[in-house]
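Since chain A is already given, all that's left is putting chains B and C on it; use the hints.
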Amino acid sequence: MAVSVGEVVQAFRRDGRIVVVGASLAGLRAAEALRTGGFSGSLTLVGDEPDLPYDRPPLSKQVLLGRARADATTLPQRNSVNAQWRLGTAATGLDLAAKRLRLADGEEIDYDRLLIATGVRARPWFNAAEAALDGVFTVRTSEDAARLERRLSARPSRVLVVGAGFTGSEIASACRERGLEVTVAERGAAPLVGALGGVVGAVAADLQRQHGVDLRTGVMVTALEGDSGGRLERAHLSDGTSLDVEVAVIALGATRNTEWLAGSGLAAGPRGIACDAGCRAFDVQGIVTDDVFVAGDVARSPHPLFGYQFLSLEHWGNAVEQAGVAAHNMINVGPDRRAHLWVPTFWSSQFGVNIKSVGVPNMGDEIVITQGSLAERRFVAVYGFQGRIVAAVTFDQAKWLDFYREQIEVRAPFPPDYATVDRQPGGMRPVPAGFQDPSLPSHGATVTLTGHDPNERRVQFTPARA
Amino acid sequence: MCDRVVTVWLEGQGLRMRIVVDLNRCQGYAQCAFLAPDVFEMHGEEALLYDPAFTEAHREQVRRAAAACPVQAILVEADEARVTPVGA
Amino acid sequence: MTPGTLLQQITDYANRANPYPLYAELRKTPVARQDDGSYLVGGYYEISSLLHDPRISSDQRNLVARDGGGLQAEEEAGLPPSMIRTDPPEHDRLRRMAMRPFGPPHTPRRVHEMGGELHRIVSGLIDGFQGKDHVDIVDDFSYPFPVTVICRLLGVPREDESRFHVWADAMVGAADPSPSADLQERQRAGTRARTELGRYLAGLAEEHRRSPGDDLLSALATDHGPDGQMSMVELASTSVLLLIAGHETTVNLITNGMLTLLRYPEHLERLVKEPEVAVPMVEELLRYEPPVHLALPRVALADIEVKGTVIPRGSTVWLGLASANRDPRRFDDPDRFDPDRRDNQHLSFLGGIHNCFGSPLARLEAQIALTELARRLANPRLVEDPPPYRPNPLLRGPRHLAVAFDGVQG
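Quick note, the sequences are listed as chains A, B and C, same order.
Once you know that position 365 of the first sequence is 365 in the UniProt record's numbering, the rest is easy, because the numbers rise by one and skip nothing.
Once you know that position 86 of the second sequence is 86 in the UniProt record's numbering, the rest is easy, because the numbers rise by one and skip nothing.
Once you know that position 204 of the third sequence is 204 in the UniProt record's numbering, the rest is easy, because the numbers rise by one and skip nothing.
Extracted from the complex, chain A is given alone in its bound form (with noise of 0.2 Å):
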């Protein structure tokens, strides 16, 4: 006898076997949606790191303020996830076939279903010798900024932060609140170009160097020297100049945790694992498969409202939101599965200023100042591409964003023809946003765009200028 759609879902969910490897906000939000879905079999979170989930978010802000403990920004739980937990574990392989994980101790788990959420890392330093020298730090995990923390309450006399896109301003911020000498390098022409663009970016000079951050774009850092004890003491710069350093942070960026898939038949590579709209992940012959999922970091997934390329998202935001579609879709089958439509959004505070941005800024190719003024650093900055409004950005300017988002959301014309409040003069005239050659690798932009091909072998750019 056929046994009924229905009644196969129902034994899934009474008697499967889920695993989730990654345990950061994405697996736990995931686990969270899973019991509450419904979902009472065997539940297994993997984690790499010792800890249970925790914030991410905080690291650069209020615990490099000595203001938070970098120990204490564990995530709290929406419900009990009632599930096994393996930390301190990677994992090391999958077998597709066999439905099989194996984790570092060697022990392997089987699963009806996997959810991969194993997110990013910090991208180490390029020369392994400098980046163990005592002094060179990154920024990733809660050990990372305990660190960071310890050290920077010892006063150093001048930090580096290598690379000004996100994390970078942050930590320079952070620094320069605590009355620290800061020092930015920046391979582009202003901090945040690779997300924002040069308009915005501009703007995040000024807001440096008017803090007090010793902003210098346009050059890299070509090496670090340690002293006879190993200790960091000097940074060499393209330019030919040096400069003392006790503390080096290096903020270049994230690199997708998807090693461990090499071999594995999954359409991994370095920017991510790419699935479909409702997380599912493809193979390497672009056929999606139906018992693996992916979500947060490490996905790559295509976005109907940009043109259905394959968007990377090194977002908060995202993280929870995949994770509910995914988690959802693992125990739903056919028209009652969701599709992971989420307008990408994200904040920084950096400098005493909210920065918020919804849509896919590094899309646009021109931008006009809908509300505000660049100038006294409060203000909203609309995207475009191809006449549509693809992304907008603000300054202290929260409230309104809600409306943008909306504005994406109905593909509504770029420049915007309509009247608003705080229009200040000349405000409405778009100009280039002044993204830099996208096929340059950027550690600047929290969305990349990566093409339509599922599979990462024939990965191709679709530049945001031609």
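These are computed hints drawn from the structure, not numbers from a lab.
Where is the CB? At the ideal position from N, CA and C, for every residue including glycine.
Among the clues, some could well be false.
Mimicking EDC-like on lysine to aspartate or glutamate, the simulated pairs with C-alpha atoms at most 16 Å apart in a straight line are [as the list claims (entries may be wrong)]:
(1) C/LYS307 x C/GLU46
(2) C/LYS307 x A/GLU409
(3) A/LYS99 x A/ASP290
(4) C/LYS307 x A/GLU406
(5) A/LYS99 x A/ASP283
(6) C/LYS273 x C/GLU372
Okay, the calculated bits of chain A under chain B, using three or more residues with CB under 8 Å as the criterion [stated by the list, open to error]:
(7) 60–74
(8) 343–349
Just chains B and C now, with coordinates in the frame of chain A:
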């Protein structure tokens, strides 16, 4: 099924309770900073900083702050969810 | 019933005690053009969107010139518009300056630290009920309480209440858009009262400038923040707003709250047993019986399409906050008073840049007031239901609330 699971408990965190604020939802209304100034702090006009782990002494403040948030962005850990991960 | 007369019916005093059926009617038409050319919006999501829509102005000077009883008349003489009737950047600058002595980031602890004083004022008022078997909650409690609070906060002598009460009444009367024969006269009287009150407060501010205290008038008169100092007319306009808004709304919140709890005595009982329920209970009261039913009228700066209806540029837009709070698309079982309601994201303090300046104080006042009334009044009960209401349809609340009880506990 795994036969060995890792025990983790919140050593050193004592009786601290946890919060997280969805700063995508947050629009800087500052109700939390008014009502729970020991836990939430405005950093400039609009940016929010908060202590993600607060103590029993601030529980009432945090309750007021979470209830007053105009965009309901503050998640306080539900008591029933505060369970130790399954240990071996 | 035609949607074009809904605003008229809502403002009709006959419907003051129970406007909710009219709101249910309103929500059938997401945007209802009124016979006077204005647009009335009653749905939660539509109002929430419009509160964040930069094409919506709060500045009446943007109204397309036409007659027909806008509220702009009162603004044209005397004081400049207060911040709730301005747009950015002017609004943002005024609000930042007013916020400096009141709240975060500059003065983060002021409201929090007022808790003890709020308790003392409430206790004193309830002590005054000793020996009585009934009181008027409005005149004996929910009016004098926030008046005392706002006087201390601003630095206004409490004994001047009889002077500014008259001006406040005239201003509230002028803010009533009900089309009556005396509308123009009410508006002229409101303008005069606002000017008088502004002159009075400016005079006080001048005194405080010479010998400043720990109050807002002193701070506003002496503060030099990043935005500089308020001009004297801005200071007058701002302090008029804070004084009026600081009590004319809270009186409704507390009175509506007590009325609701007496209508649902099981919740009053619960508040006695679990005082901590006051926090979510006040949020639910805000949703269920909000002190402000209609937001001040807005003006469309552009043609705005809402759910298939275009609000033409220059139109007046009315936002039905109390209707939004009862929208079944947003709130399950919206006509049920449920202090345990989760995700209670009501619009009673608006949203967007014009969100209520004093809302944290109003929340604390209501939490303390209702908790203490519940705890101390023995067997309280309504004498008259519904009670007589104040005329104003925007600031809706009882004029009197007679409550009988068997004694006052310590």
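Okay, the hints, checked on the actual structure:
no.: 1; hint: C/LYS307 x C/GLU46; result: holds (8 Å)
no.: 2; hint: C/LYS307 x A/GLU409; result: holds (15 Å)
no.: 3; hint: A/LYS99 x A/ASP290; result: holds (12 Å)
no.: 4; hint: C/LYS307 x A/GLU406; result: holds (13 Å)
no.: 5; hint: A/LYS99 x A/ASP283; result: holds (14 Å)
no.: 6; hint: C/LYS273 x C/GLU372; result: holds (12 Å)
no.: 7; hint: 60–74; result: holds (count 10)
no.: 8; hint: 343–349; result: holds (count 4)
Comparing the model with each numbered hint stated earlier shows that all of them hold.
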